Amino acid sequence: MAKHATPKLDQLESGPWPSFVSDIKQEAESRAKNPKGLDYQIPVDCPEDLLGVLELSYNDGETHWKHGGIVGVFGYGGGVIGRYCDQPEKFPGVAHFHTVRLNQPSGKYYTSEYLRALCDIWDLRGSGLTNMHGSTGDIVLLGTTTPQLEEIFWEVTHNLNTDLGGSGSNLRTPADCLGETRCEYACYDTSALAFEMTNEYQDELHRPAFPYKFKFKFDGCPNGCVAAIARSDFSVIGTWKDSIKIDQAAVKAYVAGEFKPNAGAHSGRDWGKFDLVKEVVELCPSEAITWDGAKLTIDRKECVRCMHCINTMPRALRIGDERGASILCGAKAPILDGAQMSSLVVPFVEAQSPFDEIKEVVENIWDWWMEEGKNRERLGETMKRLSLQKLLEVTGQPADPRHVMEPRHNPYIFFKEEEVPGGWDRDITEYRKRHLR
Amino acid sequence: MAFISSGYNPAKPMEGRITDIGPRDYNDFLPPVIAKNKGKWAYHEILEPGVLVHVAESGDKVFTVRVGAARLMSVTHIREICEIADKHCGGHLRFTTRNNVEFMVDDESKLAGLKADLASRKFAGGSNKFPIGGTGAGISNIVHTQGWVHCHTPATDASGPVKAIMDTVFDDFQNMRMPAPVRIALACCLNMCGAVHCSDIGVVGIHRKPPMIDHEWTDQLCEIPLAVASCPTAAVRPTKVEIGDKKVNSIAIKNERCMYCGNCYTMCPALPISDGEGDGLLIMVGGKVSNRISQPMFSKVVVAYIPNEMPRWPSLTEKIKHIIEVYAANARKYERLGEWADRIGWEKFFELTGLEFTHHLIDDFRDPAYYTWRQSTQFKF
Ligand code: HEM
Ligand code: HEM
Ligand code: HEM
Ligand code: HEM
Ligand code: SF4
Ligand code: SF4
Ligand code: SF4
Ligand code: SF4
Numbered sequence: 001m002a003k004h005a006t007p008k009l010d011q012l013e014s015g016p017w018p019s020f021v022s023d024i025k026q027e028a029e030s031r032a033k034n035p036k037g038l039d040y041q042i043p044v045d046c047p048e049d050l051l052g053v054l055e056l057s058y059n060d061g062e063t064h065w066k067h068g069g070i071v072g073v074f075g076y077g078g079g080v081i082g083r084y085c086d087q088p089e090k091f092p093g094v095a096h097f098h099t100v101r102l103n104q105p106s107g108k109y110y111t112s113e114y115l116r117a118l119c120d121i122w123d124l125r126g127s128g129l130t131n132m133h134g135s136t137g138d139i140v141l142l143g144t145t146t147p148q149l150e151e152i153f154w155e156v157t158h159n160l161n162t163d164l165g166g167s168g169s170n171l172r173t174p175a176d177c178l179g180e181t182r183c184e185y186a187c188y189d190t191s192a193l194a195f196e197m198t199n200e201y202q203d204e205l206h207r208p209a210f211p212y213k214f215k216f217k218f219d220g221c222p223n224g225c226v227a228a229i230a231r232s233d234f235s236v237i238g239t240w241k242d243s244i245k246i247d248q249a250a251v252k253a254y255v256a257g258e259f260k261p262n263a264g265a266h267s268g269r270d271w272g273k274f275d276l277v278k279e280v281v282e283l284c285p286s287e288a289i290t291w292d293g294a295k296l297t298i299d300r301k302e303c304v305r306c307m308h309c310i311n312t313m314p315r316a317l318r319i320g321d322e323r324g325a326s327i328l329c330g331a332k333a334p335i336l337d338g339a340q341m342s343s344l345v346v347p348f349v350e351a352q353s354p355f356d357e358i359k360e361v362v363e364n365i366w367d368w369w370m371e372e373g374k375n376r377e378r379l380g381e382t383m384k385r386l387s388l389q390k391l392l393e394v395t396g397q398p399a400d401p402r403h404v405m406e407p408r409h410n411p412y413i414f415f416k417e418e419e420v421p422g423g424w425d426r427d428i429t430e431y432r433k434r435h436l437r
Numbered sequence: 001m002a003f004i005s006s007g008y009n010p011a012k013p014m015e016g017r018i019t020d021i022g023p024r025d026y027n028d029f030l031p032p033v034i035a036k037n038k039g040k041w042a043y044h045e046i047l048e049p050g051v052l053v054h055v056a057e058s059g060d061k062v063f064t065v066r067v068g069a070a071r072l073m074s075v076t077h078i079r080e081i082c083e084i085a086d087k088h089c090g091g092h093l094r095f096t097t098r099n100n101v102e103f104m105v106d107d108e109s110k111l112a113g114l115k116a117d118l119a120s121r122k123f124a125g126g127s128n129k130f131p132i133g134g135t136g137a138g139i140s141n142i143v144h145t146q147g148w149v150h151c152h153t154p155a156t157d158a159s160g161p162v163k164a165i166m167d168t169v170f171d172d173f174q175n176m177r178m179p180a181p182v183r184i185a186l187a188c189c190l191n192m193c194g195a196v197h198c199s200d201i202g203v204v205g206i207h208r209k210p211p212m213i214d215h216e217w218t219d220q221l222c223e224i225p226l227a228v229a230s231c232p233t234a235a236v237r238p239t240k241v242e243i244g245d246k247k248v249n250s251i252a253i254k255n256e257r258c259m260y261c262g263n264c265y266t267m268c269p270a271l272p273i274s275d276g277e278g279d280g281l282l283i284m285v286g287g288k289v290s291n292r293i294s295q296p297m298f299s300k301v302v303v304a305y306i307p308n309e310m311p312r313w314p315s316l317t318e319k320i321k322h323i324i325e326v327y328a329a330n331a332r333k334y335e336r337l338g339e340w341a342d343r344i345g346w347e348k349f350f351e352l353t354g355l356e357f358t359h360h361l362i363d364d365f366r367d368p369a370y371y372t373w374r375q376s377t378q379f380k381f
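Order-wise, the sequence lines are chains A and B. Read in order, the letters of the first sequence correspond to residues 1 to 437 in UniProt numbering. Read in order, the letters of the second sequence correspond to residues 1 to 381 in UniProt numbering.
It should be emphasised that the hints constitute simulated quantities derived from the structure, not laboratory data. Just so it is clear, the structure is predicted and the values come from calculations on it, not from any experiment. Heads up, the beta-carbon is just placed ideally off N, CA and C, and yes, glycines get one too. No false leads were slipped in.
Output of the computed footprint for chain A on chain B, the stretches with three or more beta carbons under 8 Å from beta carbons of chain A:
1. 62 to 72
2. 120 to 131
3. 166 to 176
Let the hints inform the model, and build the full structure from the sequences given.
Following this line, the structure appears as structure tokens:
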């Protein structure tokens, strides 16, 4: 018999999509039965009280978590999101309900052995509930009490060889698309870069030293499967410099209908026979493709590497061989100044282990932003306040037409004094000699 | 409940402490066929909704079955995922950037058994545990947030609306009939944790009333200058108020300048803002992050307010379903929702969807607002 009546939440058990309510109830039952005979370190009925407090929120239309909560582990300034219920007497099982962020492996590959070991720790010391995964990438362990935090940290570092993720004004947990592990479009090894950068900057991740949060994300190509351009202050997106590789026989196989366009992504509807001209040539944003009925050619100098033709004919067109990445900076959610996507800063950078060229850009940006960024100002906002020119200067990038969508249309232009013959120190009496008052 | 020590000694907290070890090396977790062919993939195909095959230059193949997941999940559920991985996949699995789960096998003969096993598993309430889908031009999982399950600043729930929306669009999780993929994301407040500002369809929790001010606690709990600096419209200022015979430092808010973003509450616990009947959701459409054909786009607000209707948010799910159907019926192949709306013009988008255009949808935030008005005589009647 459930501890709290949950008539509203019960209605979220029907329907085809996996029900989080059914799953939480299954966990509550499992804890009540306790088949392994565990000495649960937080209240056995924690998941039931979570359903209870959620049902109360469904009745009130308001959250029942108190503001904030500052907890953690010694040595670190972040990694744990504290949380306390505002009705602790009604729902003692979630009076403390802190979240622990654990750093996930690149590409989120796991073995069952690892996940089971993690579940064993969390079963004993937490609610048994998780988020797989947080939107930044972390494994999120949802709900435990303050005295368990050090115990959990001890177990994950000593027994799982796994560290906490980031929170607060610091480098947050980096994340990557699966890249070379299972994608033929990957222009560099995103998994290796994510692993390398996370290890290189452990101190910046665990001990807040920044004006505000800072995120890295690594996409293998412009398709953006980890959405780096929208969800990270420092976005690395793979690309190539030479020509798209064309297999003319395979192009013919597409035209003949042997190969399905876009690998079959539209097979749920009859879109007619594949029309190479309509579906590829005419949709190329820079009109770089020609098809004479027998041969497909791409004008490499006009291609903006949008991926459309490759996505549509993956068996005929391949990314080039001279590979690297673009670096874009400044993406953020709306608060305060408005949402930003990242803006192009380095058009092409080498992206080979140990990724020194990329680290150099990061460190130049941090040196500047840590000094100049205002309290709680994201990099994107610092760029708006102090200008893209400044960011280019500190990263040693000469200005280039690729840095803009279009040149400015206002004439309010700053010059450096040294650019102007004679400088800015002028004598009005000299001027008056030529121009009487 | 007896305390069980992990080995940690609270009397000597820094003794034996391990720090800065980072995540586990992903190479420890790669299935053998992936480890062997990493960086040497030739092409891929989507065999059917939810099932992919990647073919390596060596000729090796890896078959992937993608299944939906609620993101918020129990250790019991994770253990069931492990059991399936042990049974069919040599103990390997992965999660996607949209929080689906992928099971991989290296031989086609193992595929049918895996799929049948996944499709057969249901929760006690009847919902699928592992629905197969989420590939190609369909609707995949919804990137979402904490809601009333864990956060203190939400204006709506996350897990509940997501379940309600996914039930409504479920057929399109298991089909690929859209002109292009439709990404849905949900955030329970304007912090927009996640991807709503860059999704085909974004749902965001909003408030419609200024914060209350807990004057007695303001200068006790908050660093007032931070609250002042937190306001995008400069509606917050410091002030002194009398409580009984005491004069305290506190905060004043210009209600007519406040647009209820809640950021001052994020900074100051004495400024609670949530409100059962005031709060609700808005719908944005037309964002994308890929660079395919057009450049990445922000999503734009097309419905300024929908009430919270627990537990199944019927007005919200109905509107989303309707927008998706009108898009599917009108857009061209490969055309994302935002590209379609840009091509036909937003006045046409409102005409076709029948959504009401209200004054709330006209941008009025600082200088850039001007660039969203129409400096042209080109429009459709
Ligand atoms: C009991 C105390 C508090 C708890 C448990 C708590 C908890 C949290 C959590 C979990 C976050 C999210 C962090 C993340 O995204 O990684 C957060 C963010 C934040 N909290 Fe608190 N908080 C508390 C007190 C405060 C106080 C006293 C202030 C200010 C006076 C404050 C201001 C903020 C701000 C500004 C953020 C946004 C941080 C960011 O965007 O990185 N919190 N808080
Ligand atoms: C107030 C408390 C807050 C809570 C409880 C909270 C919670 C979370 C959580 C759990 C995640 C996923 C983290 C992970 O995977 O490790 C996240 C991501 C995110 N948060 Fe928050 N957050 C808070 C405040 C904020 C604020 C103030 C902002 C911005 C102004 C913000 C913007 C974001 C964004 C944009 C992401 C997604 C980043 C990505 O896609 O990687 N959050 N938040
Ligand atoms: C026991 C007392 C306190 C502790 C342990 C503490 C600890 C913390 C921690 C860990 C954070 C980072 C939270 C996050 O973003 O994840 C934080 C943020 C903050 N705290 Fe405190 N705090 C305390 C008291 C206060 C008080 C009394 C104030 C204001 C009067 C305050 C103002 C802030 C502010 C404004 C932030 C956000 C700073 C930022 O993100 O730029 N804190 N605090
Ligand atoms: C001392 C200041 C200015 C003087 C003496 C001046 C003078 C003139 C004159 C003599 C003309 C030609 C008028 C005609 O064809 O009959 C003209 C045209 C124009 N002025 Fe100015 N102007 C001044 C400032 C400005 C400013 C501040 C602006 C804009 C911000 C401006 C924008 C224009 C434009 C756009 C035209 C062309 C209008 C058209 O297309 O016919 N002028 N100005
Ligand atoms: S971003 Fe590109 S390389 Fe990475 S998984 Fe997506 S398509 Fe593949
Ligand atoms: S990648 Fe894009 S821009 Fe380049 S040829 Fe193909 S469709 Fe055109
Ligand atoms: S979107 Fe807002 S309410 Fe939701 S988890 Fe993020 S900060 Fe909390
Ligand atoms: S809710 Fe937002 S707009 Fe209103 S006073 Fe607070 S910070 Fe300013």
